[in-house]
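Protein chains in written order, with our numbering: chain H, 1 to 410; chain W, 1 to 410; chain B, 1 to 371; chain A, 1 to 371.
Hints are computed from structural coordinates only; laboratory data are not their basis.
Check the hints yourself; a few may be wrong.
[What the hints assert, rightly or not] Here are the simulated lysine to aspartate or glutamate pairs, EDC-like style, with alpha carbons at most 16 Å apart:
hint, chain 1, residue 1, chain 2, residue 2
1, W, K409, A, E254
2, W, K208, A, E34
3, W, K208, A, D336
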Amino acid sequence: MDFEDSTDEAAFRGRARAFLAANAQLKSEAKPVSRGRHIRAEEIALAKDWQARKYAAGFAGITWPKRWGGLELPPIFTVIYQQEEEAYAVPRGVFEIGLGMCIPTMMAYATPEQLERYVGPALRGEEVWCQLFSEPAGGSDVAALRTKAERDGTDWVINGQKIWTSGAHYCDFGIIVTRSDPTVPKHAGLTFFFLDMKSPGVECRPIKQISGTSQFNEVFFTDVRVPDAQRLGAVGAGWKVSITTLMNERLAIGDVPRPDVTDLVALAKMIDLDGAPAINNSAVRERIAEWHCRTQGLKFTRFRTMTALSRGQTPGPENSIAKVVNASKLQDIASYGLDLMGAAGMVMDDDLAPLHALFQEGLMFSPGLRIAGGTDEILRNIIAERVLNLPGDIRVDKDKAFNQVSHGKR
Amino acid sequence: MDFEDSTDEAAFRGRARAFLAANAQLKSEAKPVSRGRHIRAEEIALAKDWQARKYAAGFAGITWPKRWGGLELPPIFTVIYQQEEEAYAVPRGVFEIGLGMCIPTMMAYATPEQLERYVGPALRGEEVWCQLFSEPAGGSDVAALRTKAERDGTDWVINGQKIWTSGAHYCDFGIIVTRSDPTVPKHAGLTFFFLDMKSPGVECRPIKQISGTSQFNEVFFTDVRVPDAQRLGAVGAGWKVSITTLMNERLAIGDVPRPDVTDLVALAKMIDLDGAPAINNSAVRERIAEWHCRTQGLKFTRFRTMTALSRGQTPGPENSIAKVVNASKLQDIASYGLDLMGAAGMVMDDDLAPLHALFQEGLMFSPGLRIAGGTDEILRNIIAERVLNLPGDIRVDKDKAFNQVSHGKR
Amino acid sequence: MNFEFSDDLMQLRDQARRYLAEHCTSKHVRAVLEGEKSYDGALWQGMADMGWLGAAIGEEYGGAGLGHEGLCVLAEEIGRAAAPVPFSSSIYLAAEAVMIAGSEEQKRRLLRGFAAGMHIGTLAWAEGSGNPRVGAFTPRLAGGKLSGVKWPVPDGGSADLCVVAAQNEAGQPILVLADLRAGGVTRTMLETVDPARPQARLVFDGCAAEQLGAAGEGFALLERVLNRAAVLIAFEQIGGASVCLEMATAYAQERYAFGRPIGGYQAIKHKLADVYIANELARSNAYFGAWALQTDAAELPLAAASARVSACEAYHLASKENIQTHGGMGFTWAADCHLYYRRSKLLGLTIGSAGFWKNRVVDALQTSNAA
Amino acid sequence: MNFEFSDDLMQLRDQARRYLAEHCTSKHVRAVLEGEKSYDGALWQGMADMGWLGAAIGEEYGGAGLGHEGLCVLAEEIGRAAAPVPFSSSIYLAAEAVMIAGSEEQKRRLLRGFAAGMHIGTLAWAEGSGNPRVGAFTPRLAGGKLSGVKWPVPDGGSADLCVVAAQNEAGQPILVLADLRAGGVTRTMLETVDPARPQARLVFDGCAAEQLGAAGEGFALLERVLNRAAVLIAFEQIGGASVCLEMATAYAQERYAFGRPIGGYQAIKHKLADVYIANELARSNAYFGAWALQTDAAELPLAAASARVSACEAYHLASKENIQTHGGMGFTWAADCHLYYRRSKLLGLTIGSAGFWKNRVVDALQTSNAA
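Pulled out of the complex, with its shape left as it was, chain H reads as follows (with noise of 0.2 Å):
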C-alpha cells in the first residue's frame, strides 16, 4: 500500500495546486461555512466566474470526451482535482448538478448538434443546468411523478409541479422527468425531456427551509411546450434515463459537511467543562474517539474507491454509506456541541457563538441532509439490496396501471 500518485497523476496533481494556490483562498483562511448558506445573487457571478476560470486552466470536464471539451481522462483525475480543491473555499454548488447529472445524461441521450450547443456552454460555466425530478406526492417513491406530458404535433405539453430543484431561479436549462402514460405501471409511462427554464408557463418559487433559507424551489408547469426534439430516450423509457441521472447523483454527493469532529476538537479545546477544558473530559474524549474513527473510516472508504477507479474498476452501490453515516453524524455532533456549550449553545449570534455559529447552523441544516438525496432509510435499503442481495420490499403498487393505485392525502 502507499498514497503515491503515478508519474501523470503526480504531474496533474502539481498543476491542480498551482492553479488553486494562484486563484483561491484556503478554507483554513475563510469563515467556516456550512452547507446550510443561501446562495446569493453575487455568489452565483462568482460561481460562474470560478468555472470559466477552471475550464481555462483545464480542470474542467476532466473525463468527457475531447470533442465536447473535456480533457478525457480516468475518473482518478477528478478525484486528484477534488482533493485539492477541498481544501479551498470555492463556490462549487451551482454547476454540481448541471456537471455532474444533467451534461452526462444529454451526453447519453441527446444528438451530436444538440451538444454541439449545450456541453460547451456549461463546461465554460456560461449556463446553469437544474434537474426537475422530485415532486410533492413522490418523495422517496420518486417514480410516482405526476407531472403530466401530453403529446401535441410536434410537441409536448407539460402541466404540473416539481419540487426540491436547487437554483431552478438562476438556471437556464433543466431536464425533467414525465408521466406520457399514466394507465401503465409506474416506471412504465415516463418520458424524459431537457427543456429551456425560460419558457412560457415555467414559474419557480423558493422553498424556505427550517434553517431560514432557500436553496431549492418549487417549479410550476402550465401549458409548457416543449419540442419533440428534446426528449431524451424514447417515449415510455424515461425511467431507464433517469437512472443514468441518478446514478451519477450518488457519485456526485461526497462533501463531508461541517461541523465535523476537527471542529469538535476546536470547540472542546475552547470550552470549559466542570473548570477543565472540555477536550479533558472522558466523556467528551469518547464521543469525539468515536465520530473521527467514523470520519477516518470513511476518508479511507473513499481511498478504498479511489484505488478502485484508478484500477479501473466502477464504485458500486458501497458509496451510499458516506451520506447515511454523515448526515447523521452531522446532526449528532451539532447537536453535541450545542450540549458542551451548555445555555449558550441556543446563541446563534455570529460573534458570541464559537465558529461563527457553525454548530448551530449544522443542526438546522443537519434534518435536510438525512433527507435529501435518497433517506437514510432508502440508503439502507439501497445497501440491503444492491450490496447484501437482500430481498426487495414488498410492491403492492408493482403490476397496477399509474392511475388505479393508491396514493394517500398527502
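With chain H's structure known, arrange chains W, B and A on it following the hints.
Then chains W, B and A, alone, in the frame of chain H:
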C-alpha cells in the same frame, strides 16, 4: 399522586412481608443469580416446596376464583405480592409458565371436572405444567407450526416437534397447539390440547444454550395419543386459544434481569480506571446515568400500569416496552461492565470476576433475552401496530392454504 | 398506589388543552417566531386570567394554590402548544426562586404580581458557555447595586424582575433580585435556535437589586430552583415530544409511497416505536419528579435529574425523527415540525444540558447510596 | 494512490482462506472450546510449515520477510476462521516485542523459534482489572529472577516464553522475557468467555528472566507493542465481523417467516446494512493501520487506536446481531454464532478495552494537532 396502599392493600402487603421475612432469604444476602442459570433437580424440589408454602400462606392464585383455590382479589394484589417477593431470593421460575399461562388457559376452556382435577395440584406446587407452542420452523411466525394432529376415533394422534419448552423434562402436563388442517390458511387450521407429558411417544431433549446451560428442551412427538376430551376450544380454533395464552405471557415476563445499573454502580466503585475509581470517570458516569434513567423509567411505567390496574383498567400492549428496553440494556450493561474491567473482563472464575461473574454471565445470557418471548423486532412491530395504529406488515401468506406457502430451506 | 394525576387535574388538563387549541395554534407561535413581538400578550393575559400563572402559588400570595402537580399538568399542555410566552421564566424560575429563597415580606410583595401576570420574572445564571458551578458567578452586589454580565437570559428582553446568580462583596455566592425597570441594565436581544422564546444578554451596571435568601447559600438555593424547574420543564418537553410523535404517526398513516402508507414500512414503524418508548420512559420519570416536587421529597434531586435527562433525550429524538418521517416536507419552514425541533433544543439547554444533569444523576445516586 | 493489498498478498489471502476452510472448520474450533486441549496442534504446525508464523519476521531471523502487510492479510483469515491457536500471542505480541525491544543477540536467538512454531510466546501485561498504565506493573526482576503475578495471560498455559511488563530493582518499568520452561512459575488456567483461546494466571516466583530493551523505556516499548498488535488484532476482528455478516445475510435469505425470507423485512435489512457500514468503516481504518504498521509511520499511534476502536465496535455489533438474526437457533450451542460472539469479546478486551483505546485516539489527535 402517592404511593400509599389502600387499607386492604396495606394489610395484604403486611402479611406478605411477614411471610417472606419468615420464610425466605433476601437477595442482598444471597449470591447474585443471573437468569441464565441452569435449573437443577434440587431446585425443582425447592420450588415445589416454596409454591406449597405460598399456597398454604394464602399467596398463590391471588386473582383466581375461590372455587379453584384462589383468593379472588383484584390484580393489584398480585403486583403487591410480587413487589415484596422481588427482594427475596426465591425459586419462582419453575411455576411461572404453568400458573402464568397454562392454568389460565385451562380456566378459559377446560370443563369444570378437568379444572377440579388440575388447578389445585398446580396451585399447591404438586404438578408442573409447560407450554408447547414454538417449533423450529416457526420462530417469530408462531402460527406457522407444523406439528400434526390427526383425528382417530375419540383420540387425536400427534406427530411433530416442539422447541424452547422450558422444563419439559420435569413437567407433568403441557398445553399444545397443533395443525389439524394444512389445507386452510395458517391461522384457521390449528387445534389446541392439553396432555400428559408422560404419554408414550413424548421425548424431551435438552437444548444447550450458548451460555452452556440448558433451560429449554426440544420435545418430539411420535404417534402420541390425546383424547378428544383434552381438546381446548373448537377444532380449528387453536389460534384463538393460543392468543389467550400469549396475552398472559406478556404480563408474566416482568423480572428485571441482572446485572442491572445498581450492579454497574457497585462495579464502578470497586474498579480503578486510570488511577481513580471508575465511578469518578465522566464517561462512566454518563452511561450509568442513561441506564439509571431507563431503569427508573420502566419502574415508574410499571407504577402507572399498577395504578391503571388498581382502577380496574386492563394494561395494554404498552407493556411490551419493558422487554425491548431491558433485553438490550442487559446486553449493553454486561458488555460495558466487561470493558470496564479491561482484559480481566474476559475471566469468569467465580473468585476472580467481580460480583461472582454476574456481568460475564449476563453477556452470555442476554442474547437469548432479546429473542425469547418475542424478538426485539416483533415487539417493535406490536408497539407500532397496536399502540400507534400503524399498518400491519404485508402478509403474503395471508389467504393461502398453509401447505401452499413457501417456507424456505431453514 | 396512585401514580396518576387526580381527576380534578385531569379536568384542568383537558380545559387547558382546549383553550390552547384555540388560542395557541402554530399561527400564534409563528407570529412570535417570525415577528418582532417577544411573546403573545393576549395568551399571557389569558393564562393569568385563568389562574395558570399562580397555579402553584399559595392563595395567601394571590395564587390558586393548586400545588405543583397542577403546574406540571399545565406545563405539559404549554409544551404541547409550544406556547410563545414567558411562562417558564416567570413561574418555574423567578416565582419559584422567590418562594424558596424569599423572605415573607418579599413573597408578599412579589408573588401576587407574578400570579397576575403583571410582572414578568426570569432567572439569569449563565455567563456564556458552561454549566452552573460554584464560584462561577461573577456579577457582584454592592450597596444594593448589581453589576456584571449574564447571557443568555430567557425572556431577558421582556422581564421586569430578574433573579441573578451573583456574589456579595465578600465573594460569597448569593441570589439577588434585580429590578430591570429601574435602569442600570442594558439588554441586547440574541439570535437563537428558537426565536419564539427570545433570549437576551444583560449588562448590569449599578442596577437596583436586593438579596434573595441567605448569603453563602446562593448556590444551594440555585440548585433547588434548578431541580424544581427541571421537573416542570420536563413536562413541557414530554408535551412537545408527544405532539411530535402524534404528528409523525398521523403523517405516516396518510402519506403513501410505493402504493401504501409509509407507516406500513418497518423502518418507519420501528423508528416511531422507539420514539414511543423514549416518550413513555420520560413521562414516567417526569411523574416521579412531579411527586417529589409536590411533596418536596428527599428524592427530588435524583428525581429531577432523571426526569430531565429522559425528557431531553425523548424530545430531541421525537422532534428530529418527526422531521425525518415527514421527509422533504419536514424540513420546510411551512411545516410545523421545526417549531418543535427548535423548542426541543432550547429546552434541552436552558437550565444546563443533559451532560450536566447526567452528572447530577450520579451525584444523587452516590449520595443516596451513601445515606 | 494504492490503498489495497498487492496481488501477491491477495493470493496469499486466497491460499490461507482455502487452507483454513479445510483445516480450521468450526469442528476444530469446538474441539478446543469444549475439550482439554489448549490449541489445535496440527493447525499450528501447518501454519509454521507454510511460513505464516514468520510472515513478518525477517529472513535473516528465519522468517519469510513478507512484511507486516502480509501478516495483516493472514490475521484477517485467522479471524475469519476463529482459529484456536496461539498465533496472536506468539506472533503479534511476543515476536513483535522481541523485534522491537530485543538486542541483536536476542533476535537471533529467539525469532527463529517463534517463526518455526517451536516456541510459543506471549505477553503478560494485565494484573487483574485495569488498563495498561505507567507504574501499574508490579512484578520485579532482580538478579535474573522474576517474581510477581499476572492475569489474564493469553495462552499462558501453553507458552514457553513470556514477555512481562515489570519493573527493575530501581522501580523503573521494564520489559522482561521470562522462560516458563525453567520452573519458578505456577500456571492456573482461567475460565473465560472464550475457552477456545485459553488464558492463565501466572505466579512468578524466581522465574528465570532476562531484560528486553532499555531500563526505563519499558512502558514506551509496551505501548509500541500494543499499537502494533492493535492493528493486527483489528484484522482478526474484521475477519470475524465479516463472517458474522455473511452468516446473518445467508440465514436471512433462507429463513422464512410469514411466507417470505426474513431478509425481506426492513428490520433485518436495515440492521444488516448497519453491520455492513460498521464493518466497512472498520476495514478502512484497519487498512490505514496496515499502512502505518508496514511503514512504521508517525501516524501509527492514531492509526492503531482508530483501527482498534472501529474493529471492536464492528465485531461486537456484527456478532451480537448475527445471533439476533438467527433468532432462537442463534443462541443454541449447536449454532456457530456464539463462537464469534465469544471471540469478539475476547479480542475486544485482550489488549485493553475500547474505552482505553478511545482515550488513546484523542491523545494522538492532541499530539498530532500540537505538532
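Hints, verified against the model:
This hinted pair checks out: K409(W) and E254(A) have alpha carbons roughly 6 Å apart, not beyond 16 Å. Simply put, K208(W) and E34(A) have alpha-carbon atoms about 13 Å apart, close enough for the 16 Å limit, and the pair holds. Restraint check for K208(W) and D336(A): satisfied, since their Cα atoms lie roughly 13 Å apart, inside the 16 Å limit.
This entry satisfies every hint, going by the numbered hints stated previously.
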